[in-house]
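Q: Work out the full structure, taking the sequences as your base and the hints as a guide.
Read top to bottom, the protein sequences are chains L and S.
Position in the first sequence (from 1) plus 14 gives the number in my numbering.
Position in the second sequence (from 1) plus 26 gives the number in my numbering.
Don't read these hints as lab results, they were simulated from the structure.
From the three backbone atoms N, C-alpha and C, an ideal C-beta is built for every residue, glycine too.
Treat the hints with care, as some may be off.
What the hints assert, rightly or not - Just a few of them, taken from the derived set where beta-carbon distance is under 7 Å, the chain S residues facing chain L:
1) F100
2) P108
3) I225
4) V232
Said to hold, decoys possible - If you only want the chain L side, here are some residues facing chain S, beta carbon under 10 Å, derived:
5) V38
6) T81
7) L85
8) A89
9) G180
10) F193
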Amino acid sequence: MIARAFIDWGWIFDHLDDVRDKVVEHLVLTGIALGVGLALSLALAIVGLRFPRTYPPITWVTGTLYTIPSLALFAFFVPITGFSILTAEIGLVSYTLLILIRNIVAGIQGIDPAVRESALGMGYGRRRLFVEIELPLALPVILAGIRIAAVTTVGLVTVTALIGQGGVGFFILSGLRRFSETATEIVLGTALSVLLAVGIDLVIVLVGRILVPWTRPRVAA
Amino acid sequence: MIEFLGDLFRWFVEHWDGDAGYLVRIWEHVTVSATALAAAIVVALPLGAWLGHTGRGGFAAVSLVNIGRALPSFGIVALALPLTIRLADAVPFIDSGLGFLPTFVALFALALPPIFTNTHAGIRSVDPETVEAARGMGITGTRVLTTVELPIASPIILAGIRIAAVQVVATAPLGALVAYGGLGRFIIDGFAVRDMVQIAAGAVLVALLAVATDVGFSRLERRVVPVGMANARHRRTADVG
Numbered sequence: 015m016i017a018r019a020f021i022d023w024g025w026i027f028d029h030l031d032d033v034r035d036k037v038v039e040h041l042v043l044t045g046i047a048l049g050v051g052l053a054l055s056l057a058l059a060i061v062g063l064r065f066p067r068t069y070p071p072i073t074w075v076t077g078t079l080y081t082i083p084s085l086a087l088f089a090f091f092v093p094i095t096g097f098s099i100l101t102a103e104i105g106l107v108s109y110t111l112l113i114l115i116r117n118i119v120a121g122i123q124g125i126d127p128a129v130r131e132s133a134l135g136m137g138y139g140r141r142r143l144f145v146e147i148e149l150p151l152a153l154p155v156i157l158a159g160i161r162i163a164a165v166t167t168v169g170l171v172t173v174t175a176l177i178g179q180g181g182v183g184f185f186i187l188s189g190l191r192r193f194s195e196t197a198t199e200i201v202l203g204t205a206l207s208v209l210l211a212v213g214i215d216l217v218i219v220l221v222g223r224i225l226v227p228w229t230r231p232r233v234a235a
Numbered sequence: 027m028i029e030f031l032g033d034l035f036r037w038f039v040e041h042w043d044g045d046a047g048y049l050v051r052i053w054e055h056v057t058v059s060a061t062a063l064a065a066a067i068v069v070a071l072p073l074g075a076w077l078g079h080t081g082r083g084g085f086a087a088v089s090l091v092n093i094g095r096a097l098p099s100f101g102i103v104a105l106a107l108p109l110t111i112r113l114a115d116a117v118p119f120i121d122s123g124l125g126f127l128p129t130f131v132a133l134f135a136l137a138l139p140p141i142f143t144n145t146h147a148g149i150r151s152v153d154p155e156t157v158e159a160a161r162g163m164g165i166t167g168t169r170v171l172t173t174v175e176l177p178i179a180s181p182i183i184l185a186g187i188r189i190a191a192v193q194v195v196a197t198a199p200l201g202a203l204v205a206y207g208g209l210g211r212f213i214i215d216g217f218a219v220r221d222m223v224q225i226a227a228g229a230v231l232v233a234l235l236a237v238a239t240d241v242g243f244s245r246l247e248r249r250v251v252p253v254g255m256a257n258a259r260h261r262r263t264a265d266v267g
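A: Listed below in structure tokens is the structure:
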């Protein structure tokens, strides 16, 4: 086997348009998953907080989804929704749920009961209490969850290359077809995925500093 | 839908034996996963324990978690291939850089961070007064580590091994992309020829194996925890659940 250059820089410069397109696709896939995941998680967390009995089944179901390997989860839906963006998003959204729900619930449960008490004493209704007091106070913990979900999702998007999506995972998959010549595409795809994860993480940290200036963002499990 | 479930059931009846049957695929899946996990434990556990014992390597532990999370497992499996191919070219007694070797290398790399980090954190979490008391009782040097710190840290260490095991079993299907067998074969080959029944069957098998791994290691965690730690363990799970 003739081992050519491990990384062929010329190839990368010839394909910068493809790189841009795939990065955009990656961001779109990640963004949709996080947006939908956050909306669903918020709804499920509210249900779990309002009716505490539903919380264990909610975490059990989302926890099981989280345990199912990504390839299997995508494969489950291929017979139903095909090799489509919908199949990719069903899997990607599923993986965000456990992390986000846990952090939303932990964030809200961690609020000093005295704060809630005083808000109720000031005549806050349940909804206003949730939107104006509980959510903002829980935001640092929720943001920590969003960071973990975002970084995980960016990595998982690469796997969706196998069902015809994939963002920068496309490069990893096509690189596997000519691994004996060069590792260029594999390295490129993996490096871009890491850069995207770090970049998105940084953006969330900065947004967090703006949204919750009273506290430095900290990482919670 | 009913028809599809019927086909799926028939698939499971017809494809269990033979060289490409799912019994062989499960065996391949488990072998590469177990070898990679065992190798990672051999490397990461002593290293994490020693660095935790001496109070060093905290930065490495934190960085490993972050790197492990940002690196896509798909990329790790793919990256292993050009590396093992070149390794096989250079080292005479390695026949092939395809199949088992790249899968093993990738899974080994994936299993290292959780085991190292949890071992390190587990040892660091031992109350310094307990260590002090052990020293006062005349226990010295590495025996503090083996008789006091490791048993106390064992729930956290085992949790790290469980996380690694589940991750390894979950990622092993990607080995099919680098010409290994395992349960991923059914999914990847099914994708190639658009065989929906085989795709679904592969997904069921992979999911079951991952869940079984998680449940199995959770049981093991509960069983292996030292008697004196049973209460602590109970408190911990109560806090979480």
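Q: All the hints need checking, so say for each whether the structure fits it.
A: The hints, checked one at a time:
1. F100: 5 Å, holds
2. P108: 4 Å, holds
3. I225: 5 Å, holds
4. V232: Hint holds; S:V232 Cβ to chain L Cβ min 4 Å, cut 7 Å.
5. V38: 18 Å, violated
6. T81: 5 Å, holds
7. L85: At 5 Å from the nearest chain S Cβ, L:L85 passes the 10 Å test, so the hint holds.
8. A89: 4 Å, holds
9. G180: Because about 9 Å separates L:G180 from the closest Cβ in chain S, which is inside the 10 Å limit, the hint holds.
10. F193: Holds, because the Cβ-Cβ distance from L:F193 to chain S comes to roughly 5 Å (cut-off 10 Å).
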